[in-house]
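*Asks:* Here is what each chain is made of, one letter per residue.
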Amino acid sequence: MVFKWLDERLELRKFKEKFLSKTFPTHPTFLLGETALFSFITLVATGIFLGFLYEPSTTMVSLFGAMVPAAYASVVRIDLLPMGLIIRRIHHWSAMIMIAAILAHLLRVYFTASYRKPREINWLVGLSLWGTAMIGAFTGYLLPYSQFSVTATSIAYYMAKSMPWIGNWISRLLFAGDFPSDGTVPRFFFMHVMLIPATLIGLISLHMLILIKQKHTEPRSNRDRKEAQGGKRLIGIPIWPEQAVISLSFFLFLLFVVVLMAAYIPLNPIEMYGPPSPGTPVMRPDWYFLVVYGFLKLVPGDLVFTILGGKITPETIGGVIFPALNFLAYALVPFIDRSKEPQHYMANPLHRPFMTSLGVGAIVFLCMMAVAGYIDVLHITTKAMTVYALVATAAAWSVSYALLRWYNGKRGNNAKA
Amino acid sequence: MVDGNSAKETGKEGLTRRRFTLGMLIASIAGAFGSLFALLKVLAPEKKGGGYATTILPGDVLVYAQGGSAGSPVTASSMKAGDAVLAYPTGKSSNPANLVQLIKLEEAAFKPPTDISLTDKGFVAYSAICTHLGCTVSWMANRESPAASFTECFCHNSIFNPAEGAKVMGGPAPIPLAQIGVKVMQDGTLAFTSDFKGPIGPQV
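Keeping their order, the protein sequence lines are chains A and B.
Its first residue numbered 1, the first sequence is counted upward by one per residue in the numbering used here.
Its first residue numbered 1, the second sequence is counted upward by one per residue in the numbering used here.
Honestly, I wouldn't trust all of these hints.
Said to hold, decoys possible - List of simulated lysine-lysine pairs, BS3-like, C-alpha gap at most 30 Å:
| no. | chain 1 | residue 1 | chain 2 | residue 2 |
| --- | --- | --- | --- | --- |
| 1 | A | 311 | B | 167 |
| 2 | B | 80 | B | 197 |
| 3 | A | 383 | B | 111 |
| 4 | A | 226 | A | 215 |
It is worth saying that the hints were derived from the structure and are not from the lab.
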């Protein structure tokens, strides 16, 4: 009845035929992107709960007899609500999982060369999603206005300010004046709950639309099946009902894991950090910022120079140039590894010594930068750490390249024989 | 073809509907972006109660910045060589730029470029705002040999030597922490004797 009523007005049957029966190729790694999407849905849902109760203000208010910023007090009150702390932890864990899933998804696409023609645009959209997700996470750091929040945001403020030529203006624009300013929390709140989620939804939609238009890359085994059967269409399962059931059960499983983690693994204990105070204790950012955090520690302090009136400092190199160069390098991938013909099957990373070893080298480099974030507890000097990082990167790159060349040489001989 | 012909004709006449529309489009885009610039200026306020402008005056008494006795004066007798505390000038703790690290060392420990005239009875004070990215520095006390104690910023592990004018000993900080004059008063409290002898906070 309801379906008929709606169908007469919205042509649901046509929509089902055209869209819901689209083919979805199957491969375990195709669930990585979905993990990111489902984490985002969880973030929005928990974010709505938190948004009802959070107060974006640094006005000092009384909390159990102590004067603390209103934002901090409101988050402490959220933690004290039944399920309040667990919702906040689900929110934080989902953010970490979303960024991890995007990274894993990017690595999957990289190593299977699924970024090649015609999918270069979606590679760039995916990278933007990753960057936007990290900015979203970062703007969330400040909101509880704990000592951790203020320290992390202050560091980012000076990183933004260290940009040559436009640093002063950019930092004032993003932080609503010189940090710490009364305007920073409201501005970050707006960016965190409105501007960035809206951007993410836009980018996700674009990502999905391009995916639907270009169709999914397929596992290599599909090519053999098609050659054997003589078919040309995508091999897989329809979105409705098969893929929808898989996705839904996967979403629920993911939710179960996140709730379990939120229940048992403490995260961002703002009551332990306390409200902003003069001292700065040892604190490390969430895992996805460890690379920049570690790199900042390695830049020598005397590296200061001026280009065309723009001052380049260790902060500029570590906080602006390094992240920018990273993203630029990732963005260039589909334009370095080009192919004339459109590619629709996942490549075997073992058959691609150059790109695969480059990826392995990059992963080792990024891991070493994250390790550099811990030089204080590992008691390694910055110079030694720099040497270790470069040696490990060069070794991983060259060894993996040599091994893959050897493997492919052997494979080639076998194929001949 | 028709378009091509009309374009040729209009070339003689000068202004056509197409060129007029194009001009309108460019003008309106330029206008829209022009007004956007004004908006961006509004969104980036020059100052909103932040930044590092110190307000310390000679004679201001040093008070504890944190802990149970926050706000009460630091006394010279409470510190021995190798100790350090975070302190504010009394009544001026709302300005983070005023935060200093007050350190007591052996009087003979100081070496250039420390300004000895700004120290008194082994007491020396430096800005506590790290010159790298603005975190508050911490004191790494060495109980066995106080002279081996040093100042470290826990954010990115910049290390400063308090006996040598807070010279950068390691890490990414580009310049030393600025020294500021202190002296022990007759009543045993400490007071500032000068302003900071150098820039405060991140040099960006």
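*Asks:* Confirm or reject each hint.
*Replies:* Outcome of the hint check:
For the given pair, residue 311 of chain A sits about 22 Å from residue 167 of chain B by alpha-carbon distance, which is consistent with the 30 Å threshold. For the proposed pair residue 80 of chain B and residue 197 of chain B, the alpha carbon gap of about 25 Å is at most 30 Å, so the pair holds. Taking the CA atoms of residue 383 of chain A and residue 111 of chain B, the gap is near 26 Å; set against the 30 Å cutoff, the hint holds. This hinted pair checks out: residue 226 of chain A and residue 215 of chain A have alpha carbons roughly 16 Å apart, not beyond 30 Å.
Comparing the model with each earlier hint shows no violations; every hint is respected.
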